[in-house]
Each structure stands twice: as C-alpha cells, then as structure tokens.
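Two chains, two frames, a set of hints: combine them into the complex.
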Amino acid sequence: MKQTSGLEADCRQSEPAFCTVACPFHLDVRDFVSKLRRGGFNAAYRTYLNAVGFPGIVSALCPEPCREVCPRQNSGGAVALRLLERAALEYASNLEPNCYNVPRKPWRVAIVGAGISGLACALRLAGKGCDVTVFERTAHLGGHLNDLLPPEVLLSEISRQFMHVKYELRLRETIERLDDLACDAVYVATGARGSRFGLAADPGGAFASERAGVFLGGSLMGADSMGAIADGLQASAAIERYLKVAGMNQPAAVDRTRLRLDGTRVDPVQPVRPENGRTFTRDEAVAEAGRCLKCACDVCVRSCDLMGYFKKYPRRIAEEVEITIHPGTLDGNGTVATRLISTCLQCGLCRETCPQGIDTGALLLQSHRIMRKKGAMPWAFHDFFLRDMESASSEGGLCRPPPAGERSRYVFFPGCQLGASDPRYVTASYRFLLDHWPDTALLLSCCGAPAEWAGDEEIRDRALEKLRRDWLALGRPVAVFACPTCRKTLGRHLPEVEGIFLYELMRGQGLTPDRRFSGEIASVFDPCASRGEPDLQRTIRELAEGAGFELRPLPQEGRFARCCSWGGQVAVAHPPFARHVVKARITAGDAPYITYCANCRDIFAAAGKPARHILDVVFGGPEADRVPPTVTERRRNRALLKRQVLAEFWREEGKAEEVRMNLIVAAELRKKMDAELILETDIAAVIEHCEASGRKAFDPASGSFSGYRQIGPMTYWAEYRVGPDGGITLLNAYGHRMSIEGRSP
Amino acid sequence: MTGNRVWLCHRCQREMVPQKTDFGYLGHSFYADILACPECGLVLIPEELAKGRIAEVEMQLEDK
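Taken in sequence, the protein lines are chains A and B.
Okay, so the first sequence: first residue is 2 according to the numbering used here, each after it adds one.
Okay, so the second sequence: first residue is 67 according to the numbering used here, each after it adds one.
One chain only, chain B, in its complex shape (with noise of 0.2 angstroms):
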C-alpha cells in the first residue's frame, strides 16, 4: 500500500519517516520503526506490515 509513497500528515503537513513507536498486546510492550509524524507522532502501518511482522508477532506473543 505504501511502497516508496510518500504520506504527509495531515493535520502537521510534515512528510511522515520511520520513527521509533511504542507498541502493546497481551500486556508485553515493545517498538518497532514505523512511519511516523515527526511533529504530531501520527503513525501509518500499511498493510503488508500489519498481515506480515505485526501478526506474527501477534501469534508469537498468544502461543508464548
């Protein structure tokens, strides 16, 4: 979905880059670099990333 797209936020007008992100599920925590405002923080996951890395590490954490 994203590819090499380039996403602005919307709301700050700045471009979006890989930015350290806080991530939590089934009470363990962790951060991944993700697309990100550099003003405001607003992250975009495209969906190549959430059905890839982020579901497997959804299924690592539910069969732990």
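So that you can see chain A by itself, here it is in the shape it has in the complex (with noise of 0.2 angstroms):
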C-alpha cells in the first residue's frame, strides 16, 4: 500500500482503551459498556464470560487496576468497572455457559496444578476437544484461592463452567517427573511455592520454558489470583499453537497502548453511588456505564465532517481509497471511494485535530488528482465550478496597474467570490486603497482554487501562471488579499508573491467608521482557509469590536475553524452532505454570524442564518439577511465589477452586456434553478440551439416547445413557449450527466 503505509502506521483509532491493557484479561471494556449501556447484560455477561473464565470469582476478588488507569479518576472518579460486572451478574437471565458441540482432538494434553490457573487452562483447551488430564497433589480444587473465598462460592462457579466440559481429574497424585506424563504438552501450574520441575522460563514465547511443551505460568511464575486465572486462559492459546504448530514462540499479550484521548472528552459526570451501598441497581448500572468514556482516538470522527458522516477512520478511508485508484479488476470496476474521495472538504482540520497529525485530505486530494488523471472522477462533479473559474478570469477578469501610475506597490486581489456576491464589496474595497495607497493596481480573476480542489493540476497551474505573469508585469507588488483561501492557496503555490489582508489594512487605518452597531450579538464565523492566519482572526475581531459588535465565541473556531461547505467543491458530487455541513454550521451558534469569505456568508445567508461580511460591517453595508445572488447573477455581478471599477477608476465605458435573448424566468425556478446549479445563460443557450435548428418537442395542448443541448459533462433541457413578439418565456430547466447517443438500431 504505497499511498497509505504512513497513515497505517501512526493511526491509532484501533489501539486498546487504556482499561484494557490494565486488565490481567484484556477485557474488551469498550464492547462490554457499549452492552450495558443499552441495557443488554445477557451480552455484556457473554463478554465479561468469554473473557474472564470464571466471573464469579474474578467479580468477586478483582482488585481492578483499571481503575488507576481510567481517564475519570480525576473527573469524578474512576468508572466502578467491578460494580458493573457484578450487576452484569446479578441482571443476566442465564449465568450458564454455552455448550457446543466440539469435535475431540488429537492431543493429550496434561496439567499439573488444579488451582485456578490450572483449571482456567483446562476450562479452554478441554472446551476446544482436547483430551485434558489435571493432576493435584491435594484433595481439592482452587488451590489458595480457598484462603480467599468461601467454598460455596469457589466450588459453585469452578463447576457451573466446566458443566459442558469434560475432563480428568486426579487429586492426591503427586507429579515427580514430567517424563512420566504420556501427553503432547503440559502446563505446569503447581502454585506459589511449587514446582518448576528444574525449568526455567523462555523469553522467546508466552508461558514457555526452556523445553518444548512444557508451559509454566500462574502464582509459579509470581502472578496474583487474577494474573493467575488470566495466565491459565492465556497460556492455553499458547499450548494450542504449540500442538498445530509446534512452535512455542506465542506472542505475549499486549501491554501498553499508544492511545492518546482528546482532553476535551473528559468532562466531569460524578460516580453513580449504590443506593443499598453495595450493588448496581439495572439503571444504576446503565448509569454508570454511561459514564465510561469508552476511551478511543476518535477525534477526527467527531471534528472532521466527511469521517463522521461517513462513520470511517483515516485507515478505513485509506483502505478504500487504495482500491479505488488501484482497483484489482481490468475494467476498473471496484472505485468504491469515487464519492468520499470528491466529497472531501479540503479544510484541513483532520491534520489539525488528530494528536498523530495524519493528514487525511491530503490523501484524498492527492488520490483525486490520481483519479483525474486516469479519467475515472466523474467529470459532472466539478465541470459546473470549473467553468465558474474560466469564467471569472475571462469575462470577469481584469488586470490594471493604479489609476495613477504604472508603479504597483500593492495590488488589490479580491479573489473571484468578493465581487460575484456583491461587486459593491470590491469597488468600496478599492476606494478605500486608493485613497491611502494610490500606487494600488487591481487584479479581478480566480485564485485557481477550484481546479485544485477538483484535483486537476494542469488547469490550476494554467490558472497560477497567469496570476504570476500579471503579477510580474506590475512590478511584483504585495497582493492584498480579501479572501483567505487566494491568500491559502498563492502561498502554497506562488510564495513568492508577498500578501497582506484587506483588513489589516483597514485596522491600521483605524477603520471602523463608528459603533453604529452598538450592543449587537455576533459571533465570528472563521472560514476553515483562516486556520493558520490568527493575526487576521484577531484583526476581524477587532474591526467587528470596533463596530460595536459585542462577541460570542462558536464552539470552533481559530484553529479549528470549520467549513462553510464551499470547500472541495462537493454541492454536486454529494448534495445531501453540503446541506448537512451548512445544516451543522449555521446551528453551532446562536446569534448572527460575521464572517470574511463571501462563500460563507451567501451560504449561510441562503439556508436563512443571518451572516455578514465583515465588510458589511466596515463600510455598514446591507443587512444580514441580503438574499445572496444566483448563479447566474453572480457570473452577472462579475461582468458588472469590470465595467464599474473601468468606469469610476480608468474612466473607460466598457461594453454592457450583451443581451442575447429575452428570457423571461419566474422567481420560483430561478430558486431552483440556483439550487441545481444551472446557468440561465446554459438555458438560453439551449433554446437557442432549439431554435436554430427546429429540433425540439412541441406539445399542441400547451403551446410550448421543450428541448435540450449538451454543455461539457451535463445536457441541459429547456421547457419554454415563445411569446407573439419574440419573447421567451421559460417554464422549466434541468439537467442529467448522461448524454443521449441517439436511436438504438
């Protein structure tokens, strides 16, 4: 796995809780919470059975070390794992163990030892059909386990598990030498003073000594009555590798954990209390478990939009990742990660929030770029943006050195969305510079983002070289930036072009006009481009201040700014997540957002948060509820930037906007329109393609015509009917991908 091999390595979403590595048994505590939390303790008894052997001896004597490990322990206290076992106990309807129908092995195998790691040994092997025979040098079971427990209770649990299992037991025979067992291997379990029979242990495999069949563990090898129990169960997986085998290098159970738990998911909850003192009531218990932090890395599953809606962990995504662009069939069959990968925000807060910083969207754009290249990424999912940067940098595009000279010490690059949203933005904006910089240029076209987010290099850096041969034919002057992803996205490609923000610029001018929006409640939205840019995060703050604004922090921002939805471009290859995006980031906080990307606001804006650009707010703009445009009045706005900025600051007419049809459209399917991304001007396209050519429907009852044409990845209809004078009046639009071949032969 070339691309995924770093990410395997550090990702530690699968590593054990730290309850778990505590545990002599290894307790799968999340799973076993997980179960009682939903009140299921026939399961949870299952898994504690499965795990411990005997739990009604493990329940009972536990000195739970887990407790000195668990996250709670200064928050409220540790979570009261052994209370839980025991309700685990006490609620499950069958404490009986399962009977399977095992079929016998070949191996004898004998035990020296019936003290409870003997007889933890022999419960496992004798239950996978193995012929077991357990020798005791006394005349009874339990070994010092009857110092510590009453025999009802030791002698009740130690046969209610062996109920379904059959073995030999031989009391008062005492084994001198291990030569006179006739078996396949022995585990020597013969208690805290008792025999090794001359061997010593084997560092190179769990449980072994030094010669082969021969395992020793329990209180002989210095374990205490868990370790004891735990070593019994353990040691049996070892014997058992040594009979298929023959190799007695069993791998010693885990021990540590590289998990590292998110400081913030330990909030303080206090320990349940037994109301009689002594046991868990069933909600007791529920309660407690409740508590548990189920401790895991899960942080990017909770910070990350696309991980969480999808419910997969970076090794999982690499995983799918790896077999959608290297899919193992010819016909390519198998891109199983096509949509997760082109539905990746590229915000960069899973590198930001994982403590192993795993850097997941740079996987996912890098694998987008791969799936570009071979032609496999849907082109539909991109086409419409692509064809928004084209458009910003031809029809809307402008490059002029300052109205009153040639020398450039600044140039004003207000990115492709300032001006589309309201050209009012850019055109006061530039005022503004002018009237303390007079040596500004203006640079009106688009950052390249876009192709970098639909993962095609060749059209970015198409994009990126233009920019730069704009920027050196001005003199090589500071861009000031009003967007932050331009300004993220030129300093990762062309640093060599030095940048400043428009705000701070304003702020050192001290330009926040007045307190007109005095005892107003906001709070900063920062767009995710503005992660690393905290001094442009304080300066927003200051202006908005200055305005009178009084803030309210959102539950992420600064560092963990998050996306809008805008990010990666992902509104068509996957509708239903963008609208979860917004849905989550317009409720994250209550009052009225300022924020400093317009794709921000006009989303925000759209889906009814009230937001305002922070240029609203400095030259007191429209209110927070301005409808945004449609996609076709932004590529409109675009157009009417250039002429006014060449109107009011060169003083040249440019040429209006051609009027090619008189499409009349109502308000109600511009809405949706808008909403699925279809330019009026595509439709009139379409109609005019209908009309030329006469290949259209025409429905007699209605009077209308109705017809389609194919633009780039998409064929558009159009449903119109055509007025006495000429006019046309549209009366639906939509779009599919595929494309119509013609008749089947």
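Since the hints were made in silico from the structure, they are not lab data.
Do not take every clue at face value.
What the hints assert, rightly or not - No more than 16 angstroms apart at the CA atoms, straight line, and that leaves these computed lysine to aspartate or glutamate pairs for EDC-like:
| hint | chain 1 | residue 1 | chain 2 | residue 2 |
| --- | --- | --- | --- | --- |
| 1 | B | Lys86 | B | Glu105 |
| 2 | A | Lys375 | B | Glu128 |
| 3 | A | Lys36 | A | Glu285 |
| 4 | A | Lys167 | A | Asp132 |
| 5 | A | Lys673 | B | Glu114 |
| 6 | A | Lys673 | B | Glu113 |
| 7 | A | Lys375 | A | Glu323 |
| 8 | A | Lys36 | A | Glu91 |
| 9 | A | Lys313 | A | Glu323 |
| 10 | A | Lys106 | A | Asp185 |
| 11 | B | Lys130 | A | Glu321 |
| 12 | A | Lys312 | A | Asp299 |
| 13 | B | Lys117 | A | Glu677 |
| 14 | B | Lys130 | A | Glu323 |
| 15 | B | Lys86 | A | Glu742 |
| 16 | A | Lys313 | A | Asp360 |
| 17 | A | Lys374 | A | Glu458 |
Below, the structure is given as structure tokens:
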C-alpha cells in the first residue's frame, strides 16, 4: 500500500483502551460497557464470561487495576467496573456457559496443579476438544483461592463453568517427573511455592519453558490471583499453537497502548453510588456505564464532517481509496471511494485535530489528482465550478496598474467570489485602498482553488501562471487579499507573492467607521482557510468589536475553524452531505455570524442564517439577511463589477452586457435553477440551439416546446413558450449527466 | 411534465412514441425506452425521468 503505509502506521484508532491494557484479562471494556448502556445485561455477561473464564470468582476478587488508569479518576472518579461486572452477573437471565458440539482433537494435555490457573487452562483446552488430565497433589480444587473465597462460591463457580466440559481430574496425585506424563503438552501451574521441575522460563514465547511442549504460569511464576486465572486462559492459546505448529513462540499479550485521549472528552460527571451501598440496580448500572468514555482515538470522526458523516476512520478511508485508485479488476470496477474522494471539504481540520497529525485530506486530494489523470473521476462533479473559474478570469477578469500611474506598491486581489456576491464589496474596498495607497493596482481573477479541489493540476497551474505573469507585469507588488482561500492557494503555489489582508490594512488605518452596531451580538465565523492566520482572525474580531458588536465565541473557531461546505466544491458530488455541513455550521451558534469569506456569508444567508461579511460591518453595507445572488447573477455581478471599476477608476466605458435573449424566468424557477447550479445563460444556449436547428418537441395542447443540448458533461433541458413578440418564457429547466447517444439500432 | 401529454416532433410533425434510445455515461452504454420521433429520432426526457431513474443510474455508475 504505497499511498497509505504512513497513515496506517501512525493512526491510533485501533489502539486498545487504557483499562483493557491494565486488565489481566484484557477485557474489551468498550464493548462490555456499550452493551450495558443499552441494558443488554445478557450480552455484557457473555462478553465478560468469555474474557475472564470464571466471572463469579473474578467479579468477587478483582482489585480493579483499571481504576488506576481510568481518565475519569481525576474527573469525578474512575468508572466502577467491578460493580458493573457484578451487575452483569446479577441481571443476566442465564449464567450458564454455552454448550458447543466441538469435535475431539487428537491431543492429550496434562496440567499439573488444580489451582485456579490450571483449571482455567483446562477449561479452555478441554472446551476446544483436547483430552485434558489435571493432576493435583492435594485433595481439593482451587488452590490458594480456598483462602480467599467461601467454598460454596468457589466450587459452585468452578462446577458451573465445567458443566459442559469433560476432563479428567486426578486428586492426591503428585507428579515427580514430567517424563512420566504420557501427553503432547504440559501446563505447569503448581502454585506460589510449587515445583518447576527444574525448568526456567524461555523469553522467546509467552508461558514457554526451555523445554518444548512444557509451559509455566500462574502463581508459580509470580502472578497474583487474577493474573493466575488470566495466565491459565492465555497459556491455553500458547499450548494450542504448540500443538498445531510445534512453536513455543506465542507472542505475549499487548501490555501497552499508544492511545492518546482528547482531553476535551473528559467532562466531569459524578460517579453513580449504589443506593444500597453494595450493588447497582439496573438503572444505576446503566447510568454508571454511561460515564465510561469508551476511550478511543476518535477525534477525527468527531471533528471531521466527512469522517463523521461516512462513519469511517482514516485507516478505512485509506484502504478504500487504495482499491479505488488501483482497482484489482481490468475493467476498473470497484472504485468504491470515488464519491468519498470527491466529498472532502479540503479544510485541513483532520490534520489539525489528529494527535498524530495524519492528513487524510491530503491523501484524498492526491487520490483525486490520480483519478483525474486517469479520467476516472465523474467530471460533472467539478465542471460547473471549473467553468465558473474560467468565466471569472475571462469575462470577469481584469488586470490594471494603479489609475494614477504605472508603479504598483500593492495589487488588490479580491478573488472571484467577493465581487460575485456583491460588486460593492470590491469597489468600496478599492476606493479605500486608493485613498490611502494610490499606487494600488487591481487584479480580478480566480486563484485556481476550484481546479486544485478538482484535482486538476494542469488547469490550476495555468491559472496560477496567468496570475504570476500579471503580477510580474505589475512590478511584483504586495498582494492585498480579501479571501483567505486565495491567500492559502497562492501561499502554497506562488510563495514568491508577498501578501497582506485587506482587513489588516483597514485596521491599521483605524477603519471601523463608528459604533453603529453597538449592543448587537454576533459570532465571528472563521473561514476554514483562515486556520493558519491567527493575526487575521484577531483583526476581524477587533474590527467587529470596534463597530460595536459584542462577540460570542463559537464552539470551534480559530485553529479549529470549520468549512461552510464550499471547500472542495462538493455540492454536486454529494448534495446531502453539503446540506448536512451547512446545517451543522448554522446551528453552532445562536447569534448572527460575521465572516470574512463571501462564500461562507452567502451559503449561511441562503440557509436562513443571518450573516454579514466583515465588509458589511466596515462599510455599513446591507443587512445580514441580504438574499445572496443566484449562480447566474454571480456571473453577471462579475461582469458588472468589471464595467464599474473601469468606469469609476479608469474612466473607460466598458461594453454593456449583450442581451442575447429576452428570457423570462419566474422567481420560483430561478430559485430552483440556482439550487441545481443551472445557469440561465446555459438554458438560453439550449433554447437558441433548439430554435436554430428546429430540433425540439412541441406540445400542441399547451403550445410549449421542449429541447436539449449537451454542454460539457451535462445535458440541459428547457421547456419554454415563445410569445407573439418573440419573447421566451422559460417554463422549466433541468439537467442530467448521462449523454444521449441516439436511437438504438 | 409530460404525464399523458402528446408531444410532436416539431420538424417532422410526427407524434413522439417510446423507442429504444442509447445512453452513455462514464464509459458505460445502455438503452431505455424514451419518447422519440419515429422519423428523425429526436428524443424527449421528462424531468421525472431525469431526476428519477436516470439520476439513480448515474449515481450507481459513479459509485460502482
């Protein structure tokens, strides 16, 4: 796995919980507790039984080493696991072990010592069909546990667990020499002062002695009561391995974890105290199980929209991406992660929050590029945005030296979306810049981010090269950015362009006009591209506070800034995901938002969340509920902006927009087309084509026409009516990605 | 949009009737019965079909 090896080695998602590692039985506490939380006492008991072998004994005697490592110990108190285990025993409806019809194995195993360790080993091996004989020199079972538990508890638990398991028990039989035992393997568990038969432990394998086929464990090897049981259970696996493959090299159980816990998860919750002072009621057990943090490294799925939505961890994503970009079949089938790859917001939050700094977003972007190069990415996912980008740098594009002269100290680069949202953002800002720095040039274009997100490096580099040439022609001025994404993109790909944010220049000039918003409450929504720009984030807050706003922090901002849903341009690839992200963002805070990305502002406003651009605050612009322009209007706004700046700053009269068709579109239909990213200009092109070619269907009952045209990877349909004056009323518009090949033969 | 509407091919003035029509997407080809002119083959895809079955197949192919 070329792509993913680093990620797989680093990701700690599958590391065991602290308590599981501390537990001699490595009980999967996350699983056990999950079952208890939903009141599944039977299921929890089975999990516990499978881990500890003798639940009645372990739940009575375990000294709970898990408490020492529980992250809750300093936050309300460690989870009372032993009480939960007792509750599982108390409320499970059936404590009897399952009876399995296991085929007999050809192996004979001798166990020396009928203490609890030997019995645990016998329980497992006999349960797997081995012919097990236990030799005990005294007249009773249980070894040193007889000193710790009443015989009725100890013996009834032993007899319950062995109720379906047959083995031979030879009491009062002392083994002097192991050679006397006619068997295939031996487990020596003769207790604290018992005989080792002269054998030393072999560090090459768990429970291994230096003699092949002989294993040592339990109190004999220094284990305490719980360790002795665990040794017996785990030694059975080492013995089984030896019986099957003759190896004495069973790996030791994992005794450490690389898990790191996100501290924010440890919110103090008081422990549940049993009302009777001894045992939990069912409800108390469920409540206490609810306190368990189920420690796991899951910060990525909790913070990243994509991983949370798809419920996939980086390791799983890496695997799916790998088989998608390198499918195992010749016809390329099995590209399971195509949509996943296209749905990453490219916001960088995964890397910021991962304790290991794993950059799943970078993996997805790189995979996107590979898929693009192979022509395997459904291009309709990105076509609209790339055409928009092209339009922003052609009909909406402009590069002019300062109106007052040729030398440029600064160049204002507002990006493609600011003027598209409202041309006044750009004209007012440029006016401000010229007032203070008349040697400021203007560059209207796109930074190439849409091509970057689409994985098309060729288009991105063409856009960047054009920008670089313009920048060189202007005399290498300092770029004044309004959009954090432009800054991020140029910072990454044109690092030679020095830059500053418009808002920093505004703050430097004391430009917060007055306290006109005095008493208003708002939250600053940091765009995801501002993540690495703490000065910018501070500046915006200072400007907002200077204008009188009382600011309320959002749960995640600053370093942990989140994407509004625009990043990665995922709206075509996965519309429900994009809606999910928008909803999560607009419900993160009750107060209206102030942001400094035109896309964030417009997306939130379109979803009904009052949102201002910081330029609305600085210049006292429209209200926070300004209806954002449609995709068609955004393009018109760019063309309008170009004409306005040429007229105002360079006294040039630009050519007015050519009205090619008098297309009448009702407001409701306009809204629908906007939601489906259908441009009125594209629909006009469809109608032009239908009218010119005559290729259209006609409904005599309604007098309407219907026809289509393929534009790029999309096929657009228009249903329309032609008025007596030649005016065209659009009745409906829609599109699909499949292309119409023609009549089948 | 079409429901039980009768559509004529504007050029041929023939009533459009369901006919096997070929489609292509992401390198895959398939056909479906679509309203088409029996003479010139001009097709009509109503919105319900574009947003329904066609969109479903598009998604299946993208996720294949």
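Results for each hint:
Taken as a hint, the Lys86/B and Glu105/B pair is honoured in the structure, with Cα atoms around 13 angstroms apart against an allowance of 16 angstroms. For the hint pairing Lys375/A with Glu128/B, the CA-to-CA distance comes to about 15 angstroms; that is within 16 angstroms, so the pair holds. Using a Cα cut-off of 16 angstroms, the hinted pair Lys36/A and Glu285/A holds, with the two alpha carbons roughly 14 angstroms apart. For the proposed pair Lys167/A and Asp132/A, the alpha carbon gap of about 9 angstroms is at most 16 angstroms, so the pair holds.
Between Lys673/A and Glu114/B the CA atoms are separated by roughly 15 angstroms; this keeps the pair inside 16 angstroms, and the hint holds. Taking the CA atoms of Lys673/A and Glu113/B, the gap is near 13 angstroms; set against the 16 angstroms cutoff, the hint holds. Restraint check: the Cα-Cα separation between Lys375/A and Glu323/A comes to about 14 angstroms, which is no more than 16 angstroms; the hinted pair holds. Pair hint Lys36/A plus Glu91/A holds up; C-alpha atoms about 15 angstroms apart against a cutoff of 16 angstroms.
Distance hint between Lys313/A and Glu323/A is fulfilled; the C-alpha atoms sit about 14 angstroms from each other, no more than 16 angstroms. Between Lys106/A and Asp185/A the CA atoms are separated by roughly 12 angstroms; this keeps the pair inside 16 angstroms, and the hint holds. Restraint check: the Cα-Cα separation between Lys130/B and Glu321/A comes to about 13 angstroms, which is no more than 16 angstroms; the hinted pair holds. The straight-line distance between the Cα atoms of Lys312/A and Asp299/A is roughly 10 angstroms, inside the 16 angstroms bound, and the hint therefore holds.
For the suggested pair Lys117/B and Glu677/A, the alpha carbons sit about 11 angstroms apart, so the restraint of at most 16 angstroms is met. For the hint pairing Lys130/B with Glu323/A, the CA-to-CA distance comes to about 15 angstroms; that is within 16 angstroms, so the pair holds. Pair hint Lys86/B plus Glu742/A holds up; C-alpha atoms about 11 angstroms apart against a cutoff of 16 angstroms. Distance hint between Lys313/A and Asp360/A is fulfilled; the C-alpha atoms sit about 14 angstroms from each other, no more than 16 angstroms.
Only pairs whose Cα atoms come within 16 angstroms are accepted, and Lys374/A paired with Glu458/A is accepted, the gap being roughly 9 angstroms.
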